Each structure stands twice: as C-alpha cells, then as structure tokens.
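On the provided structure of chain A, position chain B as indicated by the hints.
Protein chains: 2
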Amino acid sequence: MSAENQPLADQSPAELAAFLAAQQQAYTDLQGKGLKLDLTRGKPAAAQLDLSDALLGLPTGPKDSAGVDTRNYGGLEGIAELRAMFAELLWVEPEQVVAGGNSSLVMMREVLTDLWLKGGVDSERPWSQEEKVTFICPVPGYDRHFTLLDWFGIDTVTVPMNSDGPDAEAVAALAANDPSIKGIWIVPTYANPTGSIASLEVAERLASMPTAAPDFKIFWDNAYAFHHLTEDEAKSADILSLASAAGNPHRPIMFASTSKITYAGAGVAFLAGSTETVSWYTTHLGKGAIGPDKLNQLRHAQFFGSAQGVRDHMTQHRLIIAPKFDEVDRVLTERLGGLGVASWTKPTGGYFVSLDVLDGTASRVVQLAKEAGIALTPAGASFPKGDDPHDRNIRLAPTFPEMGEVSAAMDGVATCVLLAAAEKLAG
Amino acid sequence: MSAENQPLADQSPAELAAFLAAQQQAYTDLQGKGLKLDLTRGKPAAAQLDLSDALLGLPTGPKDSAGVDTRNYGGLEGIAELRAMFAELLWVEPEQVVAGGNSSLVMMREVLTDLWLKGGVDSERPWSQEEKVTFICPVPGYDRHFTLLDWFGIDTVTVPMNSDGPDAEAVAALAANDPSIKGIWIVPTYANPTGSIASLEVAERLASMPTAAPDFKIFWDNAYAFHHLTEDEAKSADILSLASAAGNPHRPIMFASTSKITYAGAGVAFLAGSTETVSWYTTHLGKGAIGPDKLNQLRHAQFFGSAQGVRDHMTQHRLIIAPKFDEVDRVLTERLGGLGVASWTKPTGGYFVSLDVLDGTASRVVQLAKEAGIALTPAGASFPKGDDPHDRNIRLAPTFPEMGEVSAAMDGVATCVLLAAAEKLAG
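Taken in sequence, the protein lines are chains A and B. Under my numbering, residues 7 to 433 are what the first sequence spells out, in order. Under my numbering, residues 7 to 433 are what the second sequence spells out, in order.
Chain A extracted, bound-state conformation (with noise of 0.2 angstroms):
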C-alpha cells in the first residue's frame, strides 16, 4: 500500500513530509491556474432559471379565477388558487397557507418580529419582555437562521444534526425543563447543509414532547420540500398534523417558498400553520402591508398549473443539478478516499454538501482556498456565531457553477484539504 492511499495519521515522519511537499507542489500549481470559482452560496444556475422563462409571458390576463384584479391592492393572505396549489403540495389545508411575497427568510423575520414585539397566539407574553429567550439550533444547519437569532438578540444553544433529523432526545431534554427555551429552527427535508431528512419519528417527538414554554414554536423551514437529487422522492413529514393531533397545533409555523423552483430572486413565499396562527399572522401584517404581489403569484399559479406541475418541474432541475453532485462526490472520492482526512455527504436532494475535514483545519482550508481563487462559505458559518467548535465544517454549494467549474473547484478543494492536513499532521 503506498502511502497515497493509507490513512495520513498512520503515516510515518519520512512519509508524512513528504506528502506535505507533495501537496505544497499542487497548491502552488493550483495557485497558478488563475481560477476565480464561487461555491459560497446556494443558487440556481442560469440553466436552472432558464425552466422559468415561461414566467415572463405571464400572467395571460390580471385576474385571478375568483375574479380578483391581481394588479390592484389588497389580499393580505395571498390569491386563491396559488394558495391550494401549495397547500396541496404542504399537505394543509388552503385556509392554513399564506402566499406572500419573494422571501420566506422575511416572512421568518416577520414572524420573529411579531413573537418579539406581540407573543404568539399562545405566549403569555411578548418574547421581548421575557428575561431570557433561547432557539435550539440543529448544527450544523443555516446561518442565516442564525443570523437573525443573533439580531433580536436571541441565545442558541445546540444539539447535532443526525442522518434523520435533530437529535430528538437532546431537543427534548432541553425543551422541557428551560422555560426560556421558545423554540427550534429546522430544515426538514434535505437540511442545509447536511441533506439530512427529518424521519417521522423525530417529526412526531418534537410535536409531541412537553415544553416548558407555553409557547415552544417548531420553525419548520421546509427550503428544500420538492428539491430531490434522486428519483427516491423524500416525503416531509405531515408536522402540522402531528403537532394537532398532539394538542400543540400552533407549535410549528412551515415555510415554503420557490425561490429554487422558479426564479431565486422573483418567486413566492408561503408560510403554513394553525388557522389561528395564520390570522395571527395575517392580523399583524395587516398594520403595516396592504398585500404581496398577487400579479407574481398569479404568473406562478398560470405558470404551474397544478401541484403536479410543480413536481413535473421539479424533475427538470434535478436532471441539471444532480450530475453536479455526483462530480463533487467522484472527485472528493478520488482524492481524499482512504486518507482519513475528510468526510463529506451524499445527499439526495437539496443544495449542499457538508465536508467535514481533519480538526482545526477547516479555517485553514477556506483561506487556502481563496488565495488560490476558490470562494468557499466562511468555515463555521453552519454554526451560531460562526463558531464551529472542531473546526472542521465546510458547506459546498455546486448548484450554481457550470459543471468544468465544479470539477475543478472540487479538485481544487481536496488539494487545499490536504494541504491543510499534511501542515498540521506533519506540524
């Protein structure tokens, strides 16, 4: 066995720095190749945005099938038929989905907004007048959720992100004793970055475990709903019915949107919970908005068609992005396979791939990365306040570059990863 594919810590000194000079080696010619590539964030590429083009002869005419000029104000919960379509695909009912504008990130912050200043329909009190406030945060998972916990000022405390979910029994524990413990941000289907899917039992303990808050809210960010990479298609848990039939049926809020169905930066938004949750929603939005753009939402709905159309479409950008992570798994395979130094996942749907690479390196290999012209997500950034305890997380995002880019960004990767382990190893 040469010391290429035997795992680098049983390596010996004589071995080890060699490797590091070899490794060194393909940095600086990586380093000479010029690339300017960007694996930061999750995007559709330009040939995803393409499936869309139909959007921009929509919609056919401005009303919708209730007769509604779409063009004009008003319709605080969104138009009729965009409202069914998605609720069919949520599995709620109609009257529990609201269609709202382009970001379901703002309808988040919305709902933050509305639990700091007011409470929920169940909180004793508002959030802001609560000594402590505290989110459970799977990790690692988004940071942008985590970004706008640190901005109302709201804790985190977290617990691991499994194959099937949030550590349920961690989650449990934490929420059932700590009364400042009001709630737990998830991903369900196909985590960011994991790609892990929240299995019906956990689904059904965190709907059905006691909470020391009166008012535990499960934010049910279901991003990546229909976003398979495979033809096994994942099915989200039914979260709102298990929270009802659990007598907690205003603990999750979901939100959807298709911001990487349709266009990124010009979809629809819904969020999804109890009726009392969406009048409670609606009531506070109504102070300060007359209505979202029912007009985009009806180019969607025409769009579309049914919620069949939305799955039909749905297999259009799997057939162009799952080559994209199938490469990225071939070259780390390639590369990195047997050295011991990297792990990373398969995901079967959803934007990302999380590597985890050899403790206290990942700093490393980020800023090696981007000297070599390689932008990758700030290491840590899956953790509340950047701070990835091992140091050891990093979150690929092959969606958006064209496929040589991702074969080379990737090839580029597992150099700077290696490099990052034969420094530290051989230090």
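Hints are computed from structural coordinates only; laboratory data are not their basis. Computed from a prediction, not measured in an experiment: that's the story for all the values here. A portion of the hints provided could be inaccurate.
Each pair may be met inside one copy or between any two copies, as identical chains are not told apart.
[Claimed, not checked] Think about it this way: if two alpha-carbon atoms lie no more than 25 angstroms apart in a straight line, the pair counts; the simulated DSS-like pairs of lysine-lysine are: (1) 293 with 391; (2) 124 with 293; (3) 430 with 376; (4) 124 with 138; (5) 241 with 352; (6) 69 with 42; (7) 42 with 376; (8) 391 with 376; (9) 39 with 376.
Frame of chain A, contents of chain B only:
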C-alpha cells in the same frame, strides 16, 4: 333668497323643519336606488392599471444593464438603473436610494422596526429602550401611518395640517423641548387626505429646527410626488438637501413607490436618505432578507425607459382621474354650496378629497351613507386612534369608481350630509 341656498343655521325653525322633511324624503329615495358603491380607499381604477399592461410582456431578458441576472438572489439595494431613474425623480443621488419590494408601507415598517430594536444612525439607544416614544402627526392624515405607530406602542401628538403643509411652528415647539418626540410622519406632496403641499419654507423649518431628540426623524412619505391633477405640477421640497445643509443629514427618510404609477399591488417601492441611512437600512435588512424582486424592478425600468417616461406616464393617469375630482367638486358645490354645512378641498394632485361636514355629524353621515349602499372611509380615520375630536372629517376617494358611480356616490353623500346637518340643527 329661498331656503335652499341660505345657510342652514340662519333658517327659521319652520324652514328647518321643512328642510329636514325634504332631506328625509331624499334619503328614502336614495335608499330605494339600491346603490353599492365604494369610496373607501385610494385605489387606482382598472383603466389606470391598464396603462401599464405593457409590463406583462417585460422584461425582454433577465439581465439588467450591469449584466446582473435579475432572476437570481442578491442585490439588497435594488438594480442600478431603477435606482438611478428614481434618484433623478426624487432629486437625490443614486447611492441614496434603495429600490425594494412592492410596498413602501412595508419599508416604513422595516425602518420603524430597526429604530425600535436597534436605534438609528444617530440614536443613543434603541427606541424600545426609551421611556416613551412620541410621533407628531399632522391631521387630518393617513390612517395607515397611525395604525403602524399604534402597533409599536408609539404615542402620537397632533398638529394642524395647513394648506402649506404641517404647522411648522407647532411642530418646532413640540420637538424643541421634549426628547421623547422622535419624529413626524408627513405626506409632503398632495397630502392624504387634504391635498396640501408642504412649502419650501415649511420643509426648511422642519429640516433645520432644533430637536431635543438627537435622532429625530422625518418620515417623508412622498406617495403622490408625481400624481398631479392639473398641468401645474407641484415640485416637492428637496428635504434631503435642506436637512443636510442644516446639519441634520440623517433626519429625513424618504419613501415613494410606483403603486399608483404602475400597479398598486405589483409595483416597486423606494427608500431614500443619507448614505449612512441607506447603509444602516440595508445592513439591518440583510439580517433577514436576500434581495428584492429585481426582475420586477427590471420590468419597471424597461417600461419607463427614463425618468421622463415616468412623468409622461403620469399625464395619462391625470387624464383619467382629474375628471372624477372635477365631478366630486361639481356635485358637492351644486348640492351643498351656500348652505354652510360643509367645506371640502379641491386638490391639485393626489388621491383624495377631504370633506369637512357640520361638527358632530361625520359619523352620522358615514352611517347614513353605509345604509344607503355607499361605503365611505370610517369617520375619524384621518386621526390617530380614529378619534376626530370634532367628528367632522370624511375622506373621499374618487379614483376607483367609474365616472357614473362617482356622480351617484357624491350625490348620495350630499344627501347624507344634508340630512345629518338638518337632524342636528333641528334636533
């Protein structure tokens, strides 16, 4: 002189009794017509919305002039060409403008949220940490402003809205001595509902007056900046330059939108202020938003072509709605002139006519109108907490109904005004 065109208050008891009986009969006749008319909100008519239907076929391609793919994520501050276009219209620099989503009201709520939770660029602390926060509200004014202040728990103090804008001396006196007074909300051009235009002198006074609060804000809601009803087009005072020249560059925050230029539900909203204000706003916005609907911004930029394109487009609106305002004045003059029971504005722009009826009868007029099938904005809506101390102001919104409906509605309103006045004077 017959009783018909003599001030009601000067008529003898017998004349008044006869007048009352005549109005009761007229009202019974009105009810018999089975009207169903709505003058509640300032909504564009379908014919106005039709003016912008070329939008439905735009944009011609997804990239803006800087080569940005507007379909994808990003660009918190909006696309460059639309910012530049509205910077020209609003007399500011492009970097002082943010192009946002479909609602300037939402931008105002965002700004209030940021001030409340974080404080402004010149605040000593977040407004939520102040003992008390008070806004100055010129009355009559815009109900949605008052609703939003109330939602935040911000107190209000009123000043008169004069024909040249808010009573600047009253504002200055309030702001000079009380540090809890943090701002004023103004519709400077063609105010809602009076049609007043804030003069250069008033604007200069507000921009330069000493304020006890270091972070006093002028919310300059220029919703009707280009919405002229005559060929004599008012120019809004350049509040940003005035404030900057007076050493208070961060005092004004300007808002505008195309809601009543293109589509009320699917337009583009704008915020403008000092570059520090813009940076403050986008920094906070970026904690919970990725970017506005840039595609709709590009659609608008292509539709208008230039700032002059916006002005030309507004002429088409004027040709549709000015005759409706003329009709309001014609009917009210014919039915109410000389009787001393009502006065009303004859605005040169904007969306409203402000009708003052006999003190203590506005609620009765609105109730009578409702029972005759004519929906009016609730009496008192133009005052904070819906409380018109004289119960005399009614806001009329004649743009949405067809011309024939405007005539019928105003004739009906006149009957209600006369009946309520006769009831009161004879009672």
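Comparing the hints with the structure gives:
In this homomeric assembly, residue 293 and residue 391 come within 25 angstroms of each other (Cα to Cα) only across copies, at 13 angstroms, whereas the closest approach inside a single copy is 32 angstroms. Within a single copy, residue 124 and residue 293 get their C-alpha atoms as close as 12 angstroms, and across copies as close as 20 angstroms, so both meet the 25 angstroms cut-off. Proximity of residue 430 to residue 376 under the C-alpha cut-off of 25 angstroms is restricted to the intra-copy arrangement: shortest distance 19 angstroms within a copy versus 80 angstroms between copies. Taking CA atoms no more than 25 angstroms apart as the test, residue 124 paired with residue 138 passes in both settings, with 15 angstroms inside one copy and 17 angstroms between copies.
In this assembly of identical chains, the alpha carbons of residue 241 and residue 352 lie at most 25 angstroms apart only when taken from the same copy (18 angstroms versus 61 angstroms across copies). Within a single copy, residue 69 and residue 42 get their C-alpha atoms only as close as 46 angstroms, which misses the 25 angstroms cut-off; across copies the closest is 21 angstroms, which meets it. In this homomeric assembly, residue 42 and residue 376 come within 25 angstroms of each other (Cα to Cα) only inside a single copy, at 9 angstroms, whereas the closest approach across copies is 66 angstroms. When the C-alpha separation of residue 391 and residue 376 is checked against a cutoff of 25 angstroms, the pair qualifies only within one copy, where the shortest distance is 21 angstroms, while the shortest distance between copies is 56 angstroms.
Within a single copy, residue 39 and residue 376 get their C-alpha atoms as close as 13 angstroms, which meets the 25 angstroms cut-off; across copies the closest is 76 angstroms, which misses it.
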